[in-house]
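Sequence order for the protein chains is A and B.
Take any residue in the first sequence, note its place counting from 1, add 40, and you have its number in the numbering used here.
Take any residue in the second sequence, note its place counting from 1, add 67, and you have its number in the numbering used here.
To be clear, the hints were calculated from the coordinates, so they are not data collected in a lab.
On a predicted model such as this, the values are computed, not experimentally measured, just so you know.
Treat each hint with caution, since some may be false.
[Stated by the list, open to error] Result set (DSSO-like, lysine-lysine): computed pairs, CA atoms no more than 27 Å apart in a straight line:
(1) Lys79/B <-> Lys195/A
(2) Lys254/B <-> Lys186/B
(3) Lys199/A <-> Lys79/B
(4) Lys254/B <-> Lys214/B
(5) Lys214/B <-> Lys186/B
(6) Lys82/A <-> Lys79/B
Residues per chain, in single letters:
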Amino acid sequence: MEQTADLESVFRAHYARVVSLIGRIVRDPAGAEDIAVDVFLKWDTSIGAEAALRWLLRSAARAAIDELRRRNRRQRYESVLGLFRRDPPTPLDTVLANDEVARVRIVLLALPPRQAEMLLLRADGLSYSELAAVLGSRASSIGTLLARANERFRKEYEKRYGLG
Amino acid sequence: MDWVEEKLAALKPAGYADSRRAWERLRARQRSRRQRLIVAGGAFTAIAAASAFPPSRAMAKRCVEACGEILGLRGDTPLRNLQSVDLRALRGQVVLLNFWATWCPPCEAEIPWFVEMQKEMGERGLTVVGVCMDENAEALPAFLRRKGVNYRVVHDNRFAGVQALPATFLLDRAGNVAFVHEGLVAKETYLREVNERPVAK
């Protein structure tokens, strides 16, 4: 049962960080917890303690963006079904449509997954060098990659909502 | 602050994290993984018992992966009854390769059949090989004695390719996969499938 003990110490050390990153995208606490637990279940003791946080953050960012994509698909499906329902949009729907968070998420969905993950990690406060370590890129190229992601984000946002 | 960063700042982190509850959830999921293997075994039973379905490509591929690993397999526990098995050395034999575990009731149900098959068909060229997927081999010797297992059993739990227990592969004399079953299968099915191979020649 050493493996569990190891997993446990990694979990204790990093769970709060991981779930808070995921929570930036997945806002219901139960959903975020679920995905965070999943990330830890995939963690492998062979990764080693000092690489653990890097690995966890990258997996968490990927899982969060995946989840966003999944939920968006489901929502689209449900809204197609909604054509056949008579329920008028609730005030909550209206609020959500104007919500900045919702806009940012929609824009993130329009980006290639890698860029979306990078921006999410950046939003989580990672520095350039941390970002490079987590994404496994060279520190020298991270600035370019990030600039490209920023540019793409700005373009997609502007296309939808103007430069608000 | 840069415009994009300002926008991204809308993504606020989760406000709280109950790590104790999450840890319990994680442990529960680890446990239920095992149970899922059993449940999957049960679910396959219904389908597999009705008809011996032909090995799908995906299953065959997983088998090949599993067998690939087993080729170099050494029983990693030096116990009586636990021997290393080199499948290459078994070319020319029909090999029934059964993945099982002591905590899996459907697997247990199949063991007497394999014992019988090994006894009756062993001379005609059938070799049964059991791969026990238990986490550790402590309970294994007593279990094997109690069940009167007369075929080779190795203990190895690394086979990620096997997703349900029991899982049974039949390799023909050339070492090709002749059939794949996941879950409990009727004894008659095994007998028929084995008899369809030229065991007796």
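Here is what the structure says about each hint:
With a C-alpha separation of about 22 Å, the suggested pair Lys79/B and Lys195/A falls inside the 27 Å cut-off, and the hint holds. For the suggested pair Lys254/B and Lys186/B, the alpha carbons sit about 15 Å apart, so the restraint of at most 27 Å is met. Distance check on the hinted pair: Lys199/A and Lys79/B sit about 24 Å apart at the alpha-carbon level, within 27 Å; holds. Between the alpha carbons of Lys254/B and Lys214/B the distance comes to roughly 17 Å, so the proposed pair stays at or under 27 Å and holds.
Distance check on the hinted pair: Lys214/B and Lys186/B sit about 14 Å apart at the alpha-carbon level, within 27 Å; holds. Using a Cα cut-off of 27 Å, the hinted pair Lys82/A and Lys79/B holds, with the two alpha carbons roughly 25 Å apart.
Violated hints are absent here; each numbered hint is respected by the structure.
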